[in-house]
Amino acid sequence: MGMTITEKILAAHSGRDRVVPNEIINATLDLIVCHDVTTPPAVQMLKKLGINKVFDPSKILVTPDHFVPNKDIKSAELAKQLREWREEQGITRYYEIGNHGICHAIAPEQGHVLPGMTIVCGDSHTTTMGALGTFASGVGSTDLAAALATGELWFKVPESMLFELNGDLPRGVYSKDIILYIISKIGVDGARYKAMEYRGSTLKSLSMEARFTITNMAIEAGGKSGIMPVDEISENYVKARTSEPYTCYYSDEDAVYSETFKIDVDQLEPIVALPSLPSNGRFIGEIERVKMDQVYIGSCTNGRIEDLRIAAGIMKGNKVANGTRAIVVPATTEIWKTAMKEGLLEIFAEAGCVVSTATCGACLGGFMGVLGSEETCLSTTNRNFVGRMGDPRSKVYLASPATAAATAITGTITDPREFL
Amino acid sequence: MSQLEMTLKGKAHVYERAHINTDEIIPARYLNVHEEAELAKHAMEDIDQDFVNRVRPGDLVFAGDNFGCGSSREHAVWALRGAGIKAVIAKSYARIFFRNAINNGFLAIECPEAVDAVQNGDEVELDLAAGVMRNLTRGSEARFVPLSDFARELIEDGGLLPHIQKKAARK
Numbered sequence: 005m006g007m008t009i010t011e012k013i014l015a016a017h018s019g020r021d022r023v024v025p026n027e028i029i030n031a032t033l034d035l036i037v038c039h040d041v042t043t044p045p046a047v048q049m050l051k052k053l054g055i056n057k058v059f060d061p062s063k064i065l066v067t068p069d070h071f072v073p074n075k076d077i078k079s080a081e082l083a084k085q086l087r088e089w090r091e092e093q094g095i096t097r098y099y100e101i102g103n104h105g106i107c108h109a110i111a112p113e114q115g116h117v118l119p120g121m122t123i124v125c126g127d128s129h130t131t132t133m134g135a136l137g138t139f140a141s142g143v144g145s146t147d148l149a150a151a152l153a154t155g156e157l158w159f160k161v162p163e164s165m166l167f168e169l170n171g172d173l174p175r176g177v178y179s180k181d182i183i184l185y186i187i188s189k190i191g192v193d194g195a196r197y198k199a200m201e202y203r204g205s206t207l208k209s210l211s212m213e214a215r216f217t218i219t220n221m222a223i224e225a226g227g228k229s230g231i232m233p234v235d236e237i238s239e240n241y242v243k244a245r246t247s248e249p250y251t252c253y254y255s256d257e258d259a260v261y262s263e264t265f266k267i268d269v270d271q272l273e274p275i276v277a278l279p280s281l282p283s284n285g286r287f288i289g290e291i292e293r294v295k296m297d298q299v300y301i302g303s304c305t306n307g308r309i310e311d312l313r314i315a316a317g318i319m320k321g322n323k324v325a326n327g328t329r330a331i332v333v334p335a336t337t338e339i340w341k342t343a344m345k346e347g348l349l350e351i352f353a354e355a356g357c358v359v360s361t362a363t364c365g366a367c368l369g370g371f372m373g374v375l376g377s378e379e380t381c382l383s384t385t386n387r388n389f390v391g392r393m394g395d396p397r398s399k400v401y402l403a404s405p406a407t408a409a410a411t412a413i414t415g416t417i418t419d420p421r422e423f424l
Numbered sequence: 045m046s047q048l049e050m051t052l053k054g055k056a057h058v059y060e061r062a063h064i065n066t067d068e069i070i071p072a073r074y075l076n077v078h079e080e081a082e083l084a085k086h087a088m089e090d091i092d093q094d095f096v097n098r099v100r101p102g103d104l105v106f107a108g109d110n111f112g113c114g115s116s117r118e119h120a121v122w123a124l125r126g127a128g129i130k131a132v133i134a135k136s137y138a139r140i141f142f143r144n145a146i147n148n149g150f151l152a153i154e155c156p157e158a159v160d161a162v163q164n165g166d167e168v169e170l171d172l173a174a175g176v177m178r179n180l181t182r183g184s185e186a187r188f189v190p191l192s193d194f195a196r197e198l199i200e201d202g203g204l205l206p207h208i209q210k211k212a213a214r215k
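Protein chains in written order, with the working numbering: chain W, 5 to 424; chain P, 45 to 215.
No lab work stands behind these hints: they were computed from the structure.
In this text, a Cβ means the ideal position worked out from N, Cα and C, and glycines have one as well.
A hint or two may mislead.
Okay, the calculated beta carbon distance ranges per label pair [as the list claims (entries may be wrong)]:
#1 Lys57/W x Lys211/P: 14 to 24 Å
#2 Gln209/P x Glu100/W: 50 to 60 Å
#3 Pro190/P x Lys266/W: 34 to 44 Å
#4 Lys51/W x Ser192/P: 25 to 35 Å
#5 Asp160/P x Arg293/W: 53 to 63 Å
Derived coverage of chain W by chain P (criterion: at least 3 residues anywhere in the stretch with Cβ under 8 Å from a Cβ of chain P; other residues may be distant) [what the hints assert, rightly or not]:
#6 43-57
#7 92-101
#8 137-149
#9 311-324
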């Protein structure tokens, strides 16, 4: 019986020839990513136990992202604790304000994510990094503390689900639509505890930016991880950023999957997930043109340069509708700079958008676009739970950056193909 | 000595809907702190504003499928525990919440049958040794899905960090 990529990575990191789903293993970790919300409690736990040194500072990456630039005094204290701790531990892979970014975006962008790695972070969207052929999974602060202290963590080896994506995406349809479609089919617990593995001809036409959007939302189906095999596109992405060596793993022909889904992406249309679950996806033609008070383009899901290019392409020469506010949040400082050099920030500003520095911001109702009662927002983020972006009575709709840009222009949910 | 109490008794707070997520258990607007007492003031705020006023130490939360989905914030476990909740009994759990619970030595029990039979305010007894939940108000009984040996060990050790320390001391 063969093994999946996930099983091979976990076997290699637990000193075994093979692992099977549902067994509990202890795996060594290659990269631990830390941010300002879940790391300070982990640091506090370690201090309480008298553990004063992390296992290996060179395997840790730190960036404040959730509530920075500091949104209030309490958040300022969290960012300060993070900063002081990394200084004291001698962690050099640190991205301070001005070089910072949302952790799941900046870690691969800056060349810290290599195929074959095991990665954890105290954040559910850690699954993003699986697009580079890694096992990347979100954990809580206690797990994070254990990981920082020992460089290892327990895992129940997940079963793998296979998603075969075939065909080319039609005009106006993007990787966000693929993942919203998948979640609408399997539900927010459809991949609970499982690794979501992707393959198929569609991948060849998806950039790394587009792929990260798909693995990012594994958690929205309850998945433990999302993973894609390494190919020329991912190798080029990695080699442009680092010369560190790495190992690529591929699923065996006879690897076992708990389920296999075949999706012909050429049949897809733009999708909008209605409030208040990411699984409420509908083809855009089937829903009402609801009025939007706000449009939000950003986050670890869709705040990368390709997303901004797509949105700016639609917004160029247009204006944000009266009665709608549009907020653009590049996911990292590097993306912000590239968008500036390419003239995208100007397009957004001329259209009447606010452009923010990188932050998780309003995606989780932090700041930079929090919603009031009964307000509506079409967002390129990953969750539309009750109260996710602000008041519990507000309503969040999830869609691609193209749908978001088109919606900003008209002020109501709009098919991006009207502008292409 | 095991830190685990073998019998728990408390009032039931029932939220039978599936997919109650960690944003509902503790909204992100309160994540600028991580002190349990502070978080406890806002536990379950977005689905039940009155929860923190009604809950008494030792009470139990009953919930539907996929409890604790979404964000990995361990603050969700801390907020519930801080509010006085001794255990959650759900039809099923999202994986990170379950991990966070047992990593904290906090009981997250799977028992679909008990969730279907319970009403708000029922007095419930959890007998961990027997793996049985008794609804004292209704006189019903349900057997819950036993914790795996690994989860049980973690909970008995008081959570992941004490467990690791214990293991290291043994070496």
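Structure-based check of each hint:
| no. | hint | in the structure |
| --- | --- | --- |
| 1 | Lys57/W x Lys211/P: 14 to 24 Å | 18 Å, holds |
| 2 | Gln209/P x Glu100/W: 50 to 60 Å | 33 Å, violated |
| 3 | Pro190/P x Lys266/W: 34 to 44 Å | 37 Å, holds |
| 4 | Lys51/W x Ser192/P: 25 to 35 Å | 31 Å, holds |
| 5 | Asp160/P x Arg293/W: 53 to 63 Å | 41 Å, violated |
| 6 | 43-57 | holds (count 5) |
| 7 | 92-101 | violated (count 0) |
| 8 | 137-149 | holds (count 7) |
| 9 | 311-324 | violated (count 0) |
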